[in-house]
Amino acid sequence: LMNVSEPGQQWPKRCIGIHCTGLENSLNECSFYGHKLLSARDNIATFPSCYHETELGSSHIPFPCVNGKCIPLTSICDSTNDCGDGSDEMCCKDCRKGFHCKSNVCIPSSSVGDKIMDCLGGDDEVEDRGKLITIFSLEFQFTSVSIKIARDFLEKFQCGVPNMDHLEPDTRIRKKRIVGGAEAGKTQFPWQVALQEGGNIDCGGTYIGGCWVLTAAHCVRPKPEAFRVKLSVWNKRIIQSTTDIVPVENIIIHPDFNPTTYKNDIALIELKKLPFSSVCFTENAAVSPACLPWSEDQFLPGDKCSVSGWGRLVGKQVVASIPNVLQWADINIIGNCSGLYGHRYHKGMECAGALDGSVDSCQGDSGGPLICRDERGVAYIWGVVSWGEKCGVAGHPGVYTKVAYYHNWITSHIGRETASKYNL
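Under the working numbering, think of the first position of the sequence shown as 1, with each following residue one higher.
I should point out that these hints are in silico values taken from the structure, not numbers from a laboratory.
One or more of the hints may lead you astray.
Capping the alpha-carbon separation at 25 Å, the derived lysine-lysine pairs in DSS-like fashion look like this [what the hints assert, rightly or not]:
1) Lys102 to Lys304
2) Lys102 to Lys115
3) Lys93 to Lys304
4) Lys223 to Lys236
5) Lys273 to Lys230
6) Lys115 to Lys97
7) Lys102 to Lys347
8) Lys230 to Lys272
9) Lys236 to Lys273
10) Lys304 to Lys347
The following label-pair restraints were derived from C-beta to C-beta distances [to be verified]:
11) Ser338 to Ser412: 23 to 33 Å
12) Ser277 to Gly68: 21 to 31 Å
13) Thr282 to Gly68: 34 to 44 Å
14) Pro259 to Ile238: 24 to 34 Å
15) Lys93 to Lys69: 14 to 24 Å
16) Arg96 to Gly339: 30 to 40 Å
17) Pro222 to Thr74: 53 to 63 Å
18) Gln240 to Asn336: 33 to 43 Å
Using N, Cα and C, we set each Cβ at its ideal position, and we do this for glycine too.
Please construct the entire structure, taking both the sequences and the accompanying hints into account.
Right under this line is the structure:
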């Protein structure tokens with residue numbers, strides 16, 4: 001650790017943000033939150049020594065571990081924890097031996113397929129990698145086979161996979177309708193909720209476990225009695241046998257939400273508990289929470305995800321373009337699109353969709369989920385539908401609130417116990 005405010009010293013302007021609880025055995029068990037700009041308020045920082053690629057073959061140059069130990073450069077990225085804290089096996093573009101995680105960490109080959117998730121995205125626990133990836137790339141349609149495979153790889157199933165006992169077969173033909181979208185199956189997105197204010201449903205949300213729903217701040221106002229949360233909704237005009245309508249106990253809007261710029265466009269809805277009970281609705285096999293992401297690097301630009309909601313099927317110029325049935329579409333993470341939106345794009349935002357405008361979310365989808373799946377097919381709420389400029393127009397992808405960026409804010413309200421229970 002070094003004192004950033006020490007006079008006469010020159011420090012880097014950017015750092016990697018890391019959050020540790022103090023219970024980790026090594027640095028690679030902490031959560032990484034991407035790049036952070038150093039400011040005058042930052043008094044202490046940790047600075048690693050960096051090397052050029054041409055120096056990596058020089059055995060006489062030592063590698064300083066995070067714990068202060070020094071090892072030869074030839075011992076890094078070889079899947080052997082020579083440092084003792086794992087720091088010599090992180091940030092590796094490739095591995096001399098062993099298994100290379102997508103998060104650029106090297107682990108021993110013996111750790112692959114041992115039912116323990118060593119890689120950040122769980123890619124070391126995909127037993128038949130080609131088979132599982134193929135199953136989960138089929139338009140985000142969970143099958144009983146894929147759910148069973150996913151469950152077999154989970155040490156503790158809590159979120160991100162529909163209840164196999166309540167999966168309804170979908171024999172309908174896919175209908176191309178909005179901006180590259182289609183009608184969803186009745187139980188395809190068990191974490192999707194509808195927010196009802198008065199008699200209208202203008203926004204969606206995501207059930208994240210316990211009595212909590214995640215949505216966009218611009219969808220709600222601090223008046224809980226005005227809202228109802230509808231779980232297990234497919235056709236918003238029809239109440240299904242599995243539909244639950246739950247009153248709202250509390251609405252927590254991010255304190256720094258800006259309704260003009262949509263900066264920090266995120267809110268939590270606490271559902272009202274049943275009388276004399278610790279739960280907010282009776283056990284419902286058609287409702288499952290989506291998992292909360294813990295790292296901003298868990299999913300990357302180019303990864304395929306899905307968005308769902310009851311938003312407009314096309315632009316405003318078309319009459320009767322608002323559907324009753326839940327819609328969905330596969331979209332790709334684009335990442336930082338400040339080049340497209342300039343000063344309107346802020347930290348905590350992320351773009352997704354297609355630059356040619358072929359797939360996009362639209363008005364009415366706000367607050368709904370952008371769901372990404374890890375290598376095991378487990379679903380994470382990666383983004384919240386926030387804003388965009390027009391719908392399905394080239395050069396104007398949708399902008400989402402990046403949930404991982406707000407991980408600490410979310411857990412500070414729902415509690416780490418709740419977050420951990422529904423977070424793999």
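We went through each hint and held it up to the structure:
A C-alpha spacing of about 15 Å is found between Lys102 and Lys304, which places the hinted pair at or below 25 Å, so the restraint holds. For the proposed pair Lys102 and Lys115, the alpha carbon gap of about 18 Å is at most 25 Å, so the pair holds. With a C-alpha separation of about 22 Å, the suggested pair Lys93 and Lys304 falls inside the 25 Å cut-off, and the hint holds. Restraint check for Lys223 and Lys236: satisfied, since their Cα atoms lie roughly 23 Å apart, inside the 25 Å limit.
Taking the CA atoms of Lys273 and Lys230, the gap is about 14 Å. The hint holds against a cut of 25 Å. Of the supplied pair hints, the one linking Lys115 and Lys97 holds, its CA atoms being roughly 21 Å apart against a limit of 25 Å. Note on Lys102 and Lys347: the hinted pairing holds, with a Cα-Cα distance of about 24 Å set against a maximum of 25 Å. Taking the CA atoms of Lys230 and Lys272, the gap is about 13 Å. The hint holds against a cut of 25 Å.
A distance of roughly 23 Å separates the Cα atoms of Lys236 and Lys273; the hinted pair therefore holds under the 25 Å criterion. The suggested pairing of Lys304 with Lys347 holds, with an alpha-carbon distance near 22 Å, which does not exceed 25 Å. Range check, Ser338 to Ser412: Cβ separation about 28 Å, and the 23 to 33 Å hint holds. Ser277 and Gly68 have their C-beta atoms about 52 Å apart, which leaves the hinted 21 to 31 Å range violated.
Between Thr282 and Gly68 the beta carbon distance is about 55 Å. The supplied range of 34 to 44 Å is therefore violated. The given range of 24 to 34 Å is respected by Pro259 and Ile238, whose C-beta atoms sit roughly 33 Å from each other. In this structure the supplied range 14 to 24 Å holds for Lys93 paired with Lys69, their Cβ-Cβ distance being about 23 Å. Roughly 37 Å separates the CB atoms of Arg96 and Gly339, a value that falls within the hinted 30 to 40 Å.
Remark: the range hint 53 to 63 Å for Pro222 to Thr74 is upheld by a beta-carbon distance near 59 Å. Distance hint check for Gln240 and Asn336: the Cβ-Cβ separation is about 39 Å, which falls inside the suggested range of 33 to 43 Å.
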